[in-house]
Amino acid sequence: MTQTARNIVTAYYAAFNAENPAGMLACVSDDIEHRVNEGGIRLGREKFAEFCAHMGVSYREQLKDIEIFVNESGTRASAEFTVHGAYLKTDPGLPEANGQTYILPAGSFFDLKNGKITRITTFYNLNDWIAQVSA
Numbered sequence: 001m002t003q004t005a006r007n008i009v010t011a012y013y014a015a016f017n018a019e020n021p022a023g024m025l026a027c028v029s030d031d032i033e034h035r036v037n038e039g040g041i042r043l044g045r046e047k048f049a050e051f052c053a054h055m056g057v058s059y060r061e062q063l064k065d066i067e068i069f070v071n072e073s074g075t076r077a078s079a080e081f082t083v084h085g086a087y088l089k090t091d092p093g094l095p096e097a098n099g100q101t102y103i104l105p106a107g108s109f110f111d112l113k114n115g116k117i118t119r120i121t122t123f124y125n126l127n128d129w130i131a132q133v134s135a
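Everything in the sequence shown is counted per the UniProt record's numbering, starting at 1 for the first residue and increasing by one.
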């Protein structure tokens, strides 16, 4: 079970780095619970797809130095990584975008069931990101 969970999370991040939202969606359950740092909770594949589409327009990101950890039962996982990104289109309430680059440590927590990701919770330091894109 731990290898299955590791493979799912690895496939999810491979799709992310390939800018392949369909590949990311293939890794998540229909009732995915998506929790983003200092944001709301998105419930369901449709809301997650909307988020992915928005991110693809506003940001260009690659995740590097990914380390994945899985519990013994394969039902929970976490990952630590470094986000290397560019801020392309202004998000409401955030600084003006003009292609600024940033490097940001981040992490995610996952619940997994029946070969799919059922929850993703992502954390990063928003103040660090704001300082980098505002410099």
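The set of hints was computed from the structure by calculation and includes no laboratory data.
The model shown is predicted, which means the values in this text are computed figures rather than measured ones.
Each hint should be verified, as a subset may be incorrect.
Only pairs whose alpha carbons sit at most 25 Å apart, straight line, appear in this in silico SDA-like list of lysine to any residue [stated by the list, open to error]: (1) K113 - V57; (2) K89 - T2; (3) K64 - S78; (4) K116 - F16; (5) K116 - I66; (6) K113 - L25; (7) K116 - A26; (8) K113 - R60; (9) K89 - S29; (10) K89 - G39; (11) K113 - K89; (12) K89 - E19; (13) K113 - Y59; (14) K113 - R76; (15) K113 - S58; (16) K89 - D31; (17) K47 - N7; (18) K113 - I103; (19) K47 - K116; (20) K89 - N7.
Label pairs and their in silico Cβ distance ranges [stated by the list, open to error]: (21) K113 - S134: 34 to 44 Å; (22) P95 - Q3: 23 to 33 Å; (23) N127 - Q3: 31 to 41 Å; (24) N114 - I41: 14 to 24 Å; (25) A18 - I41: 33 to 43 Å; (26) A53 - E96: 18 to 28 Å; (27) N127 - E72: 29 to 39 Å; (28) F69 - E96: 28 to 38 Å.
Just so it is clear, CB atoms sit at the ideal spot from N, CA and C, and this is done for glycine as well.
Hints, verified against the model:
1. K113 - V57: violated, 30 Å
2. K89 - T2: violated, 38 Å
3. K64 - S78: The hint holds at about 15 Å.
4. K116 - F16: holds, 16 Å
5. K116 - I66: holds, 19 Å
6. K113 - L25: This hinted pair holds, its Cα atoms lying about 15 Å apart.
7. K116 - A26: holds, 8 Å
8. K113 - R60: violated, 29 Å
9. K89 - S29: Violated, at about 29 Å.
10. K89 - G39: holds, 18 Å
11. K113 - K89: Cα-Cα ~35 Å, so violated.
12. K89 - E19: holds, 16 Å
13. K113 - Y59: violated, 30 Å
14. K113 - R76: holds, 9 Å
15. K113 - S58: violated, 31 Å
16. K89 - D31: violated, 29 Å
17. K47 - N7: holds, 24 Å
18. K113 - I103: Distance of about 32 Å is beyond 25 Å: violated.
19. K47 - K116: holds, 17 Å
20. K89 - N7: violated, 32 Å
21. K113 - S134: 34 to 44 Å: With Cβ atoms ~40 Å apart, the hint holds.
22. P95 - Q3: 23 to 33 Å: Since the Cβ atoms of P95 and Q3 sit about 42 Å apart, the hinted range of 23 to 33 Å is violated.
23. N127 - Q3: 31 to 41 Å: Holds - the Cβ-Cβ distance for N127 and Q3, about 37 Å, lies within 31 to 41 Å.
24. N114 - I41: 14 to 24 Å: Check passed, 21 Å falls within 14 to 24 Å.
25. A18 - I41: 33 to 43 Å: This hint is violated: roughly 26 Å between Cβ atoms.
26. A53 - E96: 18 to 28 Å: For A53 and E96 the Cβ distance comes to about 21 Å; the hint holds.
27. N127 - E72: 29 to 39 Å: holds, 35 Å
28. F69 - E96: 28 to 38 Å: Check passed, 37 Å falls within 28 to 38 Å.
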